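*Asks:* These two chains come separately, so use the hints to put the complex back together.
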Amino acid sequence: MTVNSVDTTYREAVREAIREALLGDERVFLMGEDVGHYGGCFAVSKGLLAEFGPERIRDTPLSELAFVGAGIGAALGGLRPIVEIMTVNFSLLALDPILNTAATLCHMSGGQFPVPVVIRMATGGGKQLAAQHSHSLEGWFAHIPGLVILVPATIDDARWMLGWALKRPDPVLIFENQTLYNRKGTLQETGAGNPLQARVRRSGRDITLLTYGASLYKALEAAEQIALKGIELEVLDLRALRPLDETTIMESIARTHRVLIVDEGWRSGGISAELSARVMERAFFELDAPVRRICTEEVPLPYAAQLELAALPQVSKIVAVAEQMVSKHG
Amino acid sequence: MSTDSSASQSPLPPAEISRDLLRQMLRVRRFEEECVPQYQAGKIRGFLHLYVGEEAVAVGVISQLQLKDAVVGTYREHGHALVRGVSARAIMAEMFGKQEGCARGRGGSMHLFDAATRFYGGNAIVGGGLPLAVGLALAEKELQRGGVAVCFFGEGAVAEGAFHESLNLASLWKLPVLFVCENNHYAMGTPERIELAGQGVCAKAEVHGVRARSVDGMDVAAVWQAAGAALAEARSGQPVLLECNTYRFRAHSMFDAELYRERSEVQAWERRDPVACFLARLESAGVVKKSEWEVWQQEVNAEIAAAVAYADAGTEEPAADLLRFVYAEEEAR
Ligand SMILES: Cc1ncc(C[n+]2csc(CCOP(=O)(O)OP(=O)(O)O)c2C)c(N)n1
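Those protein sequence lines, which keep their order, are chains X and V. For the record, in the first sequence the residue sitting at position 36 is 36 according to the working numbering, with numbers rising by one throughout. For the record, in the second sequence the residue sitting at position 149 is 149 according to the working numbering, with numbers rising by one throughout.
Bound conformation, chain V alone (with noise of 0.2 angstroms):
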């Protein structure tokens, strides 16, 4: 794979948008990079998959969403929920295993959910969100809500039978969906160019009938443009894949040794950093001034900080709750 597509050839959106566009990146890079002393101190256990470098992904695409959108994501989805509303400090206590957290403890990094703002998570199963959106999307259709249903995942899902079946699924019942493909190309070790055949993640939407287009993922203007477009033709009932060029700049997870790559690759993709490349493009164009930008890191940090002050302080969910919700408490409407 190549790390020079075309950058920063996109045009700008309008100065308040991309203000917004970068202080969200900046938000996710903070909050992923908090996460690594929480998960050192052993306060977040389990699997913990970061999202830094892939930040201009979900700002460009959620930054696009309406409230009535739903979203459905992967393990990988901090960054995607943060974007979406849901408050760092539930997201924080979540991973804490506190009652307080946006799932009460019970999902934890990989499952987060919020029925406010029609998070439906944070889904462990490689590809297990696809036809999940694909109903969800054909709710929005019955039932005439104007919705649109936005599905993020690596292209590792691709790989996945569900991929095939979900994409066909949308297209014949012309479905107003938008599959984001987070294309980093690796799907944990594996390289793309031995996961896929054939001619690549929008090839294989389009034989299922699916629009797709690619665009470069390390560049949030460029994502933010698509993700406004194909939004656009997904709500018409036109279901869209879009896939998104990005790496992660750290390990799959923290259990990964990262034996499959050079650190050359990294370092290249690192020069195209998502939010330090924004940021000097801002800059230049006299859209973000630099102390404008301190300012920015002094509140996001505050914001971040108090997250983990409230993951800390939050209270555990007493073992004699453990079969709640196993079953729901109220009677279906």
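If we strip away everything but chain X, and leave its shape as in the complex, we get (with noise of 0.2 angstroms):
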């Protein structure tokens, strides 16, 4: 262990971006339920409320919002507010402050009022939490003008990608996939550098592989599978949702020539179906094959656990499309 490179885990990592802000920052402040005295909910936030006191880790109502409308109205009033929404799927009680107040604040006033809030979230399923507690929606969130959509896959992406939302002039959404959380790794760098750009974590000839968030380990295990049979997966992982990283696309499509996104969301719709259009809008020319696309089926997420590893992608569903995609057109 050097001092660039810490035994951690993903859990720590965010806990420790929130711990340098804090410390970093005196208008920086963490609020959201049960951040403090329970620790937070996937105790992300566990011992914070000790070092940093009530008011810089503040608990609040089950009021998602108005404690999120709060932390906008908090970032226009001058301090750095991260707000804490236990899962996506609370978030939908506060969809009215982000959308039609963080998102367009900035632009309804002519540029007068942008609002530097950072919203976190735990999002994606996996874990048998049932129907309403288990959906990804960020895909939802990137449809809308005005926000960032970050989505941290990696231990260094967890520790990084805060810092730098909380010094953009606009809301930062950041979604954390709950599987993630107990994900152990090394923190190598000092930075993760722009979270707007997409990385390849792990290159390869045949096939583009476009996704974010957990179902990066998904890919990047399906890519170990299929190399086995002389099939080179070159994983993408977006990194952040809106804006989408093209750039970074369209080249690996030009090595390549061959697109399949992996995505936990929805297929109809969804974040999946926009890299689609994009790729057809810029890399039609390119294509040797159909873009393919491996989704979370179109059901309400269930509980029982043979049901739910049907509905969520799998490396398995992975490795088969992958296959048939350089048999059928290779």
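Keep in mind that the hints were calculated from the coordinates and are not lab data. As the structure is a computational prediction, the values presented were derived from the model and not from experiment. Using N, Cα and C, we set each Cβ at its ideal position, and we do this for glycine too. The reader is advised that the hints may include incorrect statements.
[To be verified] 30 angstroms max Cα-Cα, derived DSS-like pairs, lysine-lysine: (1) V:174 <-> V:68; (2) X:167 <-> X:127; (3) X:46 <-> V:174; (4) X:46 <-> X:184; (5) X:167 <-> V:174; (6) X:46 <-> X:127; (7) X:167 <-> V:68; (8) X:229 <-> X:184; (9) X:46 <-> X:229.
[To be verified] The following residues of chain X were derived to be distant from chain V, with all beta-carbon distances above 10 angstroms: (10) 29; (11) 55; (12) 67; (13) 69; (14) 96; (15) 97; (16) 101; (17) 106; (18) 110; (19) 112; (20) 143; (21) 181; (22) 247; (23) 267; (24) 303; (25) 307.
*Replies:* Printed below as a string of structure tokens:
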């Protein structure tokens, strides 16, 4: 272990990011349900109340609409709030302030009132939490101009994206897939670069696989397996869903000429549809095969393990589709 | 609802203030009246909600504010912006969709903004301004700037979850916020009696630990007095709600056949016209002379005419600028 390389978890990386922000800027505070006394519903903010006190680690009542709106107001008033919503499912009770206020105010006021608020929330399924605690709605939020949507998949991104977000004058939403919090790894960098740039997490010549969040690890596992059969996936971690880094995406397609999208969101009208459309618009003549998508099946996510497994994108499915893509059109 | 809430029992504010209150109400009244022909001429488009009849509320409250205070309004907010210090011409230009407008023509009538006077809009989501005001008040408290956030909303907003969540939060956190309910007794065409159960707006505030008072919103002196006291409390960290009983003389917006109320009811309230009644009171108290009032009218008419001319002469932002300000153009500080 060197100074620049620490064994840690995704959870601890997020906590360190919050700590650093609190230490570095007096205007920063964390607020949300159970962030203080409880330590965060995913234990992200454990210990922070003792270290920073109740004004900077602010437990809120169960009022998503009011505390998200208040976070926006506090940002307008000169503070730098980190608003935590327990999970994306509850963010629906705060859609109004997020869309009608945070995303509109800068433009609607002719640039007078930018909204430097950061809103973090857990997202995603895979833990048998059923249909009101498992959905992946980050693609919906990516529909909204005025927002920046970050989807940190790696420990480095969990650690470094928050600081970047807090320096932005615009509302930034950070989606942390709940299956990632326990993920162990090594924090290597002293920064993760510009979060708006997609990253090639594995190079390969045959298929560009576009993904983000927890699906990144399924994609990497699939790439590992299929490499044994001589098929090389180039796995791109999007890192941001708005804006989309079309440059990196199109550069990769120019090398592979095939695109497979893996998204834990639903397929209809989702971010995978958007990605596919952009590929058609910008790289149609590069393609050797139709764009393929693996998304969550179009059901409310069920509780039973085998059903949930069947609903979510899985490694085996990625391998199967990738094989089809090269064999049919190769 | 009754129209006869112990009219004109309130003590008069000092002469200079009384005169200013009257003059400000006149500005709002004339501004709103001028919007009608401008709307009919197609210069003002979109939704247009007039504040005629309710002037005493914005004037009474905002006249008590300090520069450091923050204001959050609704879509019926021309008067609030005007009294707060946004120029008539910047507001009119905004409604004409010109880039000289106070939001560069991107907001229109319902979304007036002005950073210089801490005027945070112009919010067209019923109840949408309340959480925002709570957050602005939180910033005042944490940054120890001593300002108050003042939030205007109608009684219709009291039925929204945002109202209850916001008051609960403001009360828990002891925030310097003044909630001003402009109770004009109708939410579009829905009368208060089929909108709000229970014992009224103040009772709903009090269950959240927010002190609440009802005041005659047709009497600018009463509003001014009550707002002064409420602001002092709010500034010390005790959120307060002021319910101002008032009435809108005109339709909800320009698309409203007013099927839901009797002409006689409107007329009864018109007899309590906040501008005319206060003028009569100040005249009989010798605070304002008829000749002065006439001069003021001319001055205000000139101000509004100049605003219209300015808005007319205003320029259109090129469509090439459409995407500006979706994201901030300056780095955050
Ligand atoms: C959340 C929401 N629901 C519905 C509307 C449509 N709407 C606009 S104004 C209004 C009535 C609001 O009444 P009130 O709050 O009493 O204010 P007033 O118009 O009387 O000033 C309604 C229903 C809206 N703008 N926002």
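*Asks:* Hints first: check each against the structure and report whether it holds.
*Replies:* Comparing the hints with the structure gives:
{"no.": "1", "hint": "V:174 <-> V:68", "in the structure": "holds (19 angstroms)"}
{"no.": "2", "hint": "X:167 <-> X:127", "in the structure": "violated (33 angstroms)"}
{"no.": "3", "hint": "X:46 <-> V:174", "in the structure": "holds (26 angstroms)"}
{"no.": "4", "hint": "X:46 <-> X:184", "in the structure": "holds (18 angstroms)"}
{"no.": "5", "hint": "X:167 <-> V:174", "in the structure": "holds (29 angstroms)"}
{"no.": "6", "hint": "X:46 <-> X:127", "in the structure": "holds (21 angstroms)"}
{"no.": "7", "hint": "X:167 <-> V:68", "in the structure": "holds (25 angstroms)"}
{"no.": "8", "hint": "X:229 <-> X:184", "in the structure": "holds (29 angstroms)"}
{"no.": "9", "hint": "X:46 <-> X:229", "in the structure": "violated (45 angstroms)"}
{"no.": "10", "hint": "29", "in the structure": "violated (7 angstroms)"}
{"no.": "11", "hint": "55", "in the structure": "violated (7 angstroms)"}
{"no.": "12", "hint": "67", "in the structure": "violated (7 angstroms)"}
{"no.": "13", "hint": "69", "in the structure": "violated (2 angstroms)"}
{"no.": "14", "hint": "96", "in the structure": "violated (6 angstroms)"}
{"no.": "15", "hint": "97", "in the structure": "violated (6 angstroms)"}
{"no.": "16", "hint": "101", "in the structure": "violated (6 angstroms)"}
{"no.": "17", "hint": "106", "in the structure": "violated (5 angstroms)"}
{"no.": "18", "hint": "110", "in the structure": "violated (3 angstroms)"}
{"no.": "19", "hint": "112", "in the structure": "violated (4 angstroms)"}
{"no.": "20", "hint": "143", "in the structure": "holds (13 angstroms)"}
{"no.": "21", "hint": "181", "in the structure": "holds (28 angstroms)"}
{"no.": "22", "hint": "247", "in the structure": "holds (18 angstroms)"}
{"no.": "23", "hint": "267", "in the structure": "holds (27 angstroms)"}
{"no.": "24", "hint": "303", "in the structure": "holds (29 angstroms)"}
{"no.": "25", "hint": "307", "in the structure": "holds (34 angstroms)"}
This entry does not satisfy hints 2, 9, 10, 11, 12, 13, 14, 15, 16, 17, 18, 19, going by the numbered hints stated previously.
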